[in-house]
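Trainee: Modelling step: build the complete structure from the supplied sequences, incorporating the hints.
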Amino acid sequence: MELQKFINKYAEKAFQDSGLSSYPTLLYPASKPEFGHYQINGAMGAAKALKINPRELAEKIVNNLATLKEEGIAEKIEILGAGFINISLSGKFLSQQAKEVLQNDRLGVKKQPKQIIPIDYPSANLAKEMHVGHLRASIIGDALNRVLRFLGHDAFSQDHQGDWGTQFGMLITYMVETEKVGDSQVALADLEEFYRNAKKRFEESEEFAETARSYVVQLQGGDEKVLELWRRFVKISQKHCLEVYKKLGLLVDETNIKGESTYNDDLQPTVDELVEKGIAVDSDGAKVVFIDEIKDKDGNPTPFIIQKRDGGFLYSTTDLACIRYRVRQLKADRILYVVDARQSLHFKELFATVHKAGFASDKVNLEHVAFGTMMGKDGKPFKTRDGNTVKLINLLNEAVERAAKLVRQKNSDLSEEEINRIATAVGISSIKYADLSKNRTSDYIFNWESMLSFEGNTAPYLQYAYTRIQSLLTKSDQSIENNVDDAIMATEQDEKNLLCMLLQFEDIVVSVARECMPHYLASYLYQLASSFSRFYEKYPILKEKEDVRNSRLQIARLTGRTLKQGMDLLGLAVLDKM
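In the working numbering, the protein residues as written are 137 to 714.
It is possible that some hints are incorrect.
Within a straight-line C-alpha distance of at most 25 Å, the following computed DMTMM-like cross-link-like pairs (lysine to aspartate or glutamate) qualify [to be verified]:
| # | residue 1 | residue 2 |
| --- | --- | --- |
| 1 | LYS679 | ASP621 |
| 2 | LYS611 | GLU585 |
| 3 | LYS316 | GLU360 |
| 4 | LYS205 | ASP476 |
| 5 | LYS700 | ASP712 |
| 6 | LYS246 | GLU651 |
| 7 | LYS316 | ASP290 |
| 8 | LYS335 | ASP446 |
| 9 | LYS247 | GLU503 |
| 10 | LYS433 | GLU390 |
| 11 | LYS467 | GLU390 |
| 12 | LYS205 | ASP630 |
| 13 | LYS228 | GLU673 |
Worth flagging that the hints you see were computed from the coordinates, not collected in a lab.
Mentor: Put into structure tokens, the structure is as follows:
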């Protein structure tokens with residue numbers, strides 16, 4: 137159940153009965169356990185606006201909240217300070233709700249009205265290996281994909297790969313120039329070297345640059361010889377990308393690939409439509425949309441170029457054609473672009489143009505899910521010691537190797553097969569969680585030692601918390617999957633607090649989907665694991681008398697299932713033993 141939404145209905149009714157229907161309740165989970173389970177903070181703002189005593193107004197609201205106690209939902213409602221209203225839920229209510237959630241195969245999380253939601257990730261650039269710059273888009277996009285699917289939406293990755301444009305013109309020019317075109321043994325490492333050399337030649341030689349641009353035009357025009365070379369490059373690169381996606385455990389395969397080349401035939405029609413509507417105009421031979429909503433430093437409308445003077449197209453053109461496809465063909469209700477924050481202006485310009493052109497109605501939500509940069513310990517963008525960009529596959533392999541070393545230290549009796557299995561689960565999950573536990577809009581420091589630690593807010597800590605619960609239930613001859621009929625009794629305050637936290641799972645999942653903030657769920661899982669750990673250490677579950685023992689085993693089972701479901705939504709591996 138959406139517990140906060142449920143309690144807020146009572147709060148809103150109390151505000152309405154108090155003559156405050158136009159003021160927000162500001163109901164939030166209590167900041168500290170001693171303040172109860174929920175706090176209503178809206179009395180102070182309303183009192184200030186009405187110029188009346190906030191505590192007197194709070195008393196009036198509390199009187200109108202009496203239904204919460206009469207229906208057995210709350211056991212205590214009190215006023216603290218200038219007018220904070222604290223609500224403590226009753227053990228009976230929490231126990232009943234927890235039992236219902238435990239017996240539900242979705243932990244009580246209701247499916248939402250289905251929306252079609254393409255998510256733009258990982259969006260690698262081809263002709264070179266994936267690097268750490270692709271990591272955050274991959275991890276964040278996949279977590280959102282999983283959460284939205286769980287809530288009943290038709291969500292899916294649209295891998296908008298950079299498989300078109302100038303870089304391929306450069307690469308083709310270089311291979312023709314160096315007579316590498318006929319080499320059938322070209323591998324991805326070769327392409328990377330060729331690309332680096334081609335880029336250097338492009339910057340140094342205007343003749344080379346002109347030839348490269350001409351190949352781009354031939355590519356866009358459908359020249360079969362150029363296309364055949366391009367197909368070779370793409371096949372080699374995509375094979376590598378798919379291997380990385382699989383190692384990362386992404387919900388992305390070849391069916392999700394929708395590269396820039398997909399929209400080539402629709403680029404000119406897109407430009408023509410904008411011109412016909414008077415939205416794009418000729419400016420010094422180029423086709424440009426001037427965006428009044430976004431001004432430059434001199435107060436002039438921002439120019440959004442959609443076709444170059446030579447007739448060539450840009451990323452902007454492809455993105456416009458892509459949105460037209462996603463709205464008109466896929467019937468998208470919401471489109472998420474998981475792309476780093478440095479592209480914010482581009483997406484503002486893109487979305488403004490789309491709405492002006494009517495490519496998407498106001499009912500279609502276009503969202504730039506921006507994220508910060510992954511930094512090294514020196515506070516600079518993460519690089520190798522020699523200053524090169526870190527290849528993603530090398531980073532993932534190193535994570536598994538480091539995790540294997542830790543697993544051997546902690547349990548030398550395991551077989552190599554078990555060590556490798558656990559190390560893969562721990563290593564890859566650690567990299568993912570280190571990202572997902574941070575606010576995506578912030579930069580963060582990449583640190584091997586902290587992310588692989590079994591203490592603190594890390595993936596290994598969550599994985600170990602789950603295995604401890606599995607071990608507890610195994611010792612009691614029960615399991616997480618069993619749904620026995622033992623009652624849940626919440627008599628101790630610690631039990632009430634833990635149950636309240638467990639019942640907030642749906643609130644958290646819904647908020648992640650709404651705001652595209654996976655760290656809400658990561659933070660919740662860490663708090664849940666920590667709270668259960670303290671509870672387990674304080675109360676000797678297996679030594680209690682039968683009814684208390686069975687009740688607390690039910691609480692353990694619900695905690696385990698919630699951790700497992702939550703970790704799965706973040707794309708983290710769940711282990712039965714470590």
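Trainee: With reference to the structure, classify each hint as holding or not holding.
Mentor: Structure-based check of all given hints:
no., hint, result
1, LYS679 - ASP621, "holds (20 Å)"
2, LYS611 - GLU585, "violated (32 Å)"
3, LYS316 - GLU360, "holds (18 Å)"
4, LYS205 - ASP476, "violated (48 Å)"
5, LYS700 - ASP712, "holds (10 Å)"
6, LYS246 - GLU651, "holds (18 Å)"
7, LYS316 - ASP290, "violated (44 Å)"
8, LYS335 - ASP446, "holds (21 Å)"
9, LYS247 - GLU503, "holds (22 Å)"
10, LYS433 - GLU390, "violated (44 Å)"
11, LYS467 - GLU390, "holds (21 Å)"
12, LYS205 - ASP630, "holds (20 Å)"
13, LYS228 - GLU673, "holds (24 Å)"
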